[in-house]
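Protein chains in written order, with the numbering used here: chain A, 6 to 247; chain B, 9 to 326.
Source of the hints: derived by calculation from the structure; they are not laboratory data.
This structure is a prediction, so every number in the text was calculated from the model and none was measured.
We put the CB at the ideal spot given by N, CA and C, even for glycine.
A portion of the hints provided could be inaccurate.
Stated by the list, open to error - Pulled a few chain B residues facing chain A out of the computed Cβ check, cut under 10 angstroms:
id : residue
1  : 156
2  : 200
3  : 203
Unchecked claim - DEER-style ranges, computed between Cβ atoms:
id : chain 1 : residue 1 : chain 2 : residue 2 : range
4  : B       : 140       : A       : 18        : 35 to 41 angstroms
5  : B       : 313       : A       : 111       : 25 to 31 angstroms
6  : A       : 31        : B       : 312       : 55 to 61 angstroms
7  : B       : 94        : A       : 18        : 35 to 41 angstroms
8  : A       : 80        : B       : 288       : 52 to 58 angstroms
9  : B       : 311       : A       : 27        : 46 to 52 angstroms
10 : A       : 142       : B       : 136       : 46 to 52 angstroms
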Amino acid sequence: MTKPLSIRNLVKNFGGLTATDDISFDLNEGQSTGLIGPNGAGKTTIFSQIMGEYRQTSGTIELNGTEISKLSTPARIRLGVSRTYQVPRPFAEFTVLENVRVGLMPDSIWKMITESPNVDREIELALSVGFSESDLRRTPDELSMGDLRKLEMARTMATNPRIMLLDEVFAGLTVGEIDQIAKLIQKMRSENMTFLIVSHDLKALEPLVDDAIAINYGKVIAQGSFASVISDKAVRTSYLGT
Amino acid sequence: MGLGLRWYHFALWAGFILVMALMPEFVSKGTLRTMIFANFLAIFAISWDVLSGRTGYISFGHPFLIGIGAYTTAILTKRFDVPVEYAIPAAIAMTMVGGTIMFLPALRIKGSYFALVSLAFMELIYQLVQVIRPDLTGGTRGMSGIVTLTRGAANGYYLSFSLMIIVALSMWLLMRTRLGTALSAIAMNEESVKGSGLSPTKLKLFAFMTSAFVAGLGGAFYVHYLGSIAPRALFDINFVFTIIVATLIGGASTIVGPMFGAFFLTFLLEYLRPFLPGAERYLIYGAIALLLYMYQPKGLYHIFMSQLDRFKKKGDDD
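Can you make the complete structure from the sequences, with help from the hints?
Here it is as structure tokens:
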């Protein structure tokens with residue numbers, strides 16, 4: 006049975022530095038996986054390779070059995086994988102709704118011109134991540150970090166993904182905001198979304214994932230259930246420092 | 009199509025067209041001739057705005073595109089006796105080829121690097137038209153005696169105004185679609201456009217081609233209005249800055265702004281002429297542009313819109 010995401014022997018060299026070193030893992034349909042490791046371990050580099058922002062030096066990445074290594078980022082997004090960024094990247098002069106609108110656009114100039122924006126869907130997406138009606142006309146400079154992360158989630162969801170890669174989704178958030186984002190992720194899990202989540206906040210991550218992959222120096226050092234990974238000796242030494 | 013048009017859009021455009029159409033009845037021929045230049049400058053400013061105002065790829069070499077349109081139709085009609093009705097479409101097509109060439113560096117570079125490369129394009133064509141086949145291009149002296157399409161100030165005005173209004177209205181409508189949103193998004197964050205599943209390359213190519221189409225159209229008709237072409241005046245950095253300043257004074261990324269900016273700047277320069285006949289005039293418009301940017305960097309259009317909003321809010325409060 007084909008997996009939604011299957012990575013085999015992924016290697017990425019930046020000059021003399023090996024950022025990801027023979028990484029292999031699969032994600033199952035509806036599965037939520039935590040990707041953990043210390044700073045500089047290569048987590049974000051894995052995301053960037055899955056999205057085609059970096060081309061891997063060697064190895065394969067398959068989405069539902071289709072090898073995607075030669076595809077552009079927009080083509081990969083059309084195949085159903087999308088990501089958020091550690092540092093949110095909103096469109097600074099657009100309102101919340103306009104930001105979501107960009108995510109909803111078809112990658113066809115003709116359709117952009119001839120078809121109307123689906124404002125109802127824009128509103129639905131913005132409200133679903135926790136924005137209120139009064140937030141919809143706000144611009145990113147009026148939003149908190151939590152709101153910016155929600156906006157990033159909404160724009161990512163707008164591309165209609167089946168796999169979402171969430172990078173440091175809780176960084177810089179208040180306890181209330183973490184709770185809000187966590188509830189959103191749980192809701193999407195119940196709708197069978199497949200997740201790969203990077204987070205340093207293990208407490209917040211634990212209830213959101215089925216299992217975990219720990220990496221260090223670009224190599225997988227532990228893989229399995231979340232509990233088994235965080236109790237792994239190598240993980241505790243390299244990541245938790247205990 | 010989701011253009012979000014309201015009744016006042018129709019009213020404002022209709023009112024503007026009506027007032028402008030009646031101009032020849034009320035103003036002198038001299039003023040009409042100034043307005044003809046303003047119309048052409050508006051076309052060039054809109055062309056610049058579609059590319060640079062929207063996507064943020066600042067072109068310092070727009071005369072490269074305008075020049076291709078102007079020279080192609082001038083050479084075809086004067087040297088090869090091609091009728092104007094074929095020469096102008098050919099000129100526009102050639103300009104779009106030029107737009108594609110100018111687009112290639114934008115695949116790899118952006119910001120000030122792209123601006124410098126675009127300036128190099130202008131310098132390149134300036135040198136080329138002088139040394140390559142001067143028997144065709146007229147070399148350093150350019151060409152004169154090119155067939156003109158109109159006689160008299162009023163006819164010239166109507167032709168240039170019709171062109172300008174067709175270009176302005178069609179670009180205004182086009183930029184009100186989601187395409188306009190996507191092009192503006194490129195200027196804000198090209199990586200996020202890609203991360204939203206859209207191809208920035210496709211969008212940028214469209215912007216370059218559309219900008220080239222408008223520049224070629226404007227350049228071709230301009231040369232058939234003037235009846236002559238002079239490389240030193242066309243490929244001049246002051247001409248580039250006039251286009252850019254007109255757009256920025258009016259309000260970049262708005263289409264309407266560059267149109268108003270072009271009229272404001274043309275008339276400003278014209279009224280300053282008796283007092284400052286030389287290049288000193290550019291100092292004055294530079295100072296006005298500077299003051300305006302310090303007050304409202306988004307230009308006259310945004311000053312007008314913010315006043316309108318205040319007026320509306322006041323009306324609501326009352």
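**Report entry** Numbers of unmet hints, in rising order
**Finding:** The structure breaks hints 1, 4, 7, 9; every other hint is satisfied.
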